[in-house]
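Work out the full structure, taking the sequences as your base and the hints as a guide.
Chains as they are written, first to last, in UniProt numbering: chain E, 1 to 468; chain Y, 1 to 468.
Don't take each hint at face value.
As the list claims (entries may be wrong) - Within a straight-line C-alpha distance of at most 20 Å, the following computed SDA-like cross-link-like pairs (lysine to any residue) qualify:
(1) E:Lys334 to Y:Ala105
(2) Y:Lys334 to E:Arg213
(3) Y:Lys334 to E:Leu100
(4) E:Lys2 to E:Glu51
(5) Y:Lys334 to E:Ala105
(6) Y:Lys334 to E:Gly215
(7) Y:Lys21 to Y:Gly63
(8) Y:Lys334 to E:Ala67
(9) Y:Lys334 to E:Leu95
(10) Y:Lys2 to Y:Val38
(11) Y:Lys334 to E:Glu98
(12) Y:Lys2 to Y:Gln37
(13) E:Lys2 to E:Asn214
(14) E:Lys334 to Y:Asp364
(15) E:Lys334 to Y:Glu94
(16) E:Lys334 to Y:Met104
(17) E:Lys334 to Y:Glu212
(18) E:Lys21 to E:Glu94
(19) E:Lys334 to Y:Ser93
(20) Y:Lys334 to E:Glu94
(21) Y:Lys2 to Y:Lys334
(22) E:Lys334 to Y:Asn214
(23) Y:Lys334 to E:Asn214
(24) Y:Lys21 to Y:Val66
(25) Y:Lys2 to Y:Ala372
(26) E:Lys334 to Y:Leu95
(27) Y:Lys334 to E:Ser102
(28) E:Lys334 to Y:Asp91
(29) Y:Lys2 to Y:Gly362
What the hints assert, rightly or not - Sample of chain Y residues lacking proximity to chain E, with all beta carbon distances greater than 12 Å (derived):
(30) Leu19
(31) Ser28
(32) Ala131
(33) Ile170
(34) Ala242
(35) Glu262
(36) Leu367
(37) Asp409
(38) Leu452
Hint data in this document are derived by calculation from the structure and do not stem from the laboratory.
Note that CB positions come from ideal geometry on N, CA and C, so glycine has one too.
Number of protein chains: 2
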Amino acid sequence: MKRYESLAGDIARSIHEGLLKPGQRLPSVRQAAATRQVSPSTVFQAYYLLEARGLVQSRPRSGYYVATHARPLPLEPETASRPDGESRDVDVSELVFEVLQSAMALNVVPLGSAFPSPLLFPLDRIGRAVASAAVHLDPWSTVDDLTPGNAALRRQIALRYQMAGMDVGIDEIVITNGALEALNLCVAAVTRPGDAVLVESPCFYATLQALERNGLRAVEVQTHPRDGIDLDALEMAIARHAPRACWLMPTFHNPLGSSMPEERKRALVTLLARHAIPLIEDDVYAELHYASQRALPAKAFDREGLVMHCSSFSKSLAPGYRIGWVAAGREARKVARLKLTTTLNSNVPTQIGLAHYLERGGFDRHLRRLRATLAAQQQQYVAAIGEAFPPGTRVTRPAGGYFLWIELDHGVDAIQLQRAASQLGISIAPGPMFSASRGFRHCLRLNYGHPLDARMQAGLATLGRLAA
Amino acid sequence: MKRYESLAGDIARSIHEGLLKPGQRLPSVRQAAATRQVSPSTVFQAYYLLEARGLVQSRPRSGYYVATHARPLPLEPETASRPDGESRDVDVSELVFEVLQSAMALNVVPLGSAFPSPLLFPLDRIGRAVASAAVHLDPWSTVDDLTPGNAALRRQIALRYQMAGMDVGIDEIVITNGALEALNLCVAAVTRPGDAVLVESPCFYATLQALERNGLRAVEVQTHPRDGIDLDALEMAIARHAPRACWLMPTFHNPLGSSMPEERKRALVTLLARHAIPLIEDDVYAELHYASQRALPAKAFDREGLVMHCSSFSKSLAPGYRIGWVAAGREARKVARLKLTTTLNSNVPTQIGLAHYLERGGFDRHLRRLRATLAAQQQQYVAAIGEAFPPGTRVTRPAGGYFLWIELDHGVDAIQLQRAASQLGISIAPGPMFSASRGFRHCLRLNYGHPLDARMQAGLATLGRLAA
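Written out as structure tokens, the structure is:
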């Protein structure tokens, strides 16, 4: 994030939290530059940005003032979920498909979508890299780059782990058709029908669908909307259900946006290792962090090869190209074999093209821009939700990704809300999609991966009215 | 196949079958042209081709003579398999991987490979089509072309069905990561663990691996190496095992090369419909027919939507791009949903690029060349095997594809042969890979999809010595 964006973010927060009141004068540019120890032009840029977002107004010859309509931001959810601790068969797929179906209709306002705007990605540069790989394809690479996949791409992925301070060998990396295939291969590698699998409460609906398809039993574990899964609850669930796997999103959780502090990730890995339980770690939003440093995944603390770290380029670089991977630890060979018998291989020219793109550099430049955009959009959406939704609505502030988790009044039924919104051409993702026990009826997930234009703003306003 | 290739094929057959003896003089060009009702230049080309293959020799001012070393061709296998009729759990994957592993080592003579030479495909033209699609990608297509897949590509696939005289709607077509994913989605859609599934004896090892992975029981049904599965045996197996699905390759079977006559395909579909048993039809070699007309698949006779026709571009056009499909009949929606929860989608730019390639035309021209090449290679390989292998060896003559099925003396153990050959840098596919009951120990599958160069010839000679 650029310095002026960070400054604008701080000021926006002060406004929304009521530290700066509507109509109050902002410090002069010179004052602010001195206080913040930044250049005057950085302050100017920050004020311009806040003005563009409608949070401040300039008065000629007088300075900048907090806009009179600026309202305090909604509060964050504060209480962890309270699942009942039982294990259960999963039967959520019909509901999920009903919601996804309505979200995929043409011209729907995509607040319920799982994808950010495709315009946020350097699809022209990726296109040229893949084009060049396709045109110059060595015919034998169609055979040589068979699963586990193209060596140059696996090397680039291993390098990015190394840059993050992690020791992940190329030999444990298997290229997959997106992270979703990686996750599915992992759960198939370490479970058998009837096994119990620990998941967060709530958790990504595709996790539940995978458990349902594989005849596995879900054990939902208490999870906090900011800090992630509760380790005491996890330990109790292990003792009670003897699970064969744990499938979690410790960083930028979908749908909560929660992230476990690194020390708790380390404790998580230690706890699971003590019970020899494999961790399937879904880390697809890893690169979409707003802090300057990437948070380490649980995989970073793995000494036993028990953590299967799944990620992809679909959310960070190349949507639609379907290239993901897993660093599968001790299960790498088994995962590769499962892939060979189910989809054989991933698109070879795309693997080569992505490897070339990564070798040439530019990924990090793109990521910095993408992160700044998503961070700014989060502020805009949170503010807009604060204005559109009923008082008492709570909204998360994830440190990465592009999902907000919203807690409405307990009287609101998010599935009814979704159906009503769908009639009006607006998609949302209601809470029960994310729970084997169909909890979270008063919650929903909103996607802020699309610019907050007039259409999205109108969509939020309509939703707020429906929720009231 | 060009006219001169067809003529050369006829003459080669006469030589190998002993109708034309070593040293015997061929008809003069003028005589042959008159008898065959072709132009003299066609005869010349045919004689040149036979000379290039070492089957005939020209003597200056005297004409063409059958080469003195030309030997009769090996006979074809004539007896159908005799599986025991039991259903059984499958446990073949370790053997299959051991063999595939040794086949994938560098510089191995790829007689055991599942892939033909990648040099047989128009990878430059496909590369340009995909490159153009990648460079001009509409970002929104990454969302809009979600499973069931890109509409233009599905339309092209539906058109090819139509050209073959079949009525397959775009709505039942789901794009997949190769035919292997299509087949796996289909079996997951119509079975549950413990169900019995009817397969041919022998059958493609990936079929067995899918049954093994899904906890299904295989019922191997008597199959003839030329005409495919025996319908009486199939009916008995239905009565005895109440199978939930039938997974067959009625055309250009892997490994047998067998093809069911169309009338038997019709009877097969009728029989299965009477018992409401879905047919998973693996038809990946459909386009590799040597006859001028494409044989209709079983799907052509389906009136109930019970046939799930799986195919791909990997064997006919674009290896390494991983684009296949299924025309899934009444299960189309279920298959699409399974795909959405396992791999989400297939590579979008590749789908668009293939659609453009197919729209522009050129596929059929490429296919004619490819078929002629494979047909010619089959003759060369059969002749070479006849010379290299012990007398009594039987070899199939499939009407399409690129696999030969070889029956050795019953005393030969193909797994030992495979291990010995692997030590010498030669891969083969031993019979027991293709059988849940580990039958066919004296059989092997050889790939003739690579030109019969000196290296392949030496490989065959070594194999023949090992088998003797």
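Exercise. Which hints, by number, does the structure contradict?
Worked result: Violated hints: 8, 13, 14, 18, 21, 32; rest satisfied.
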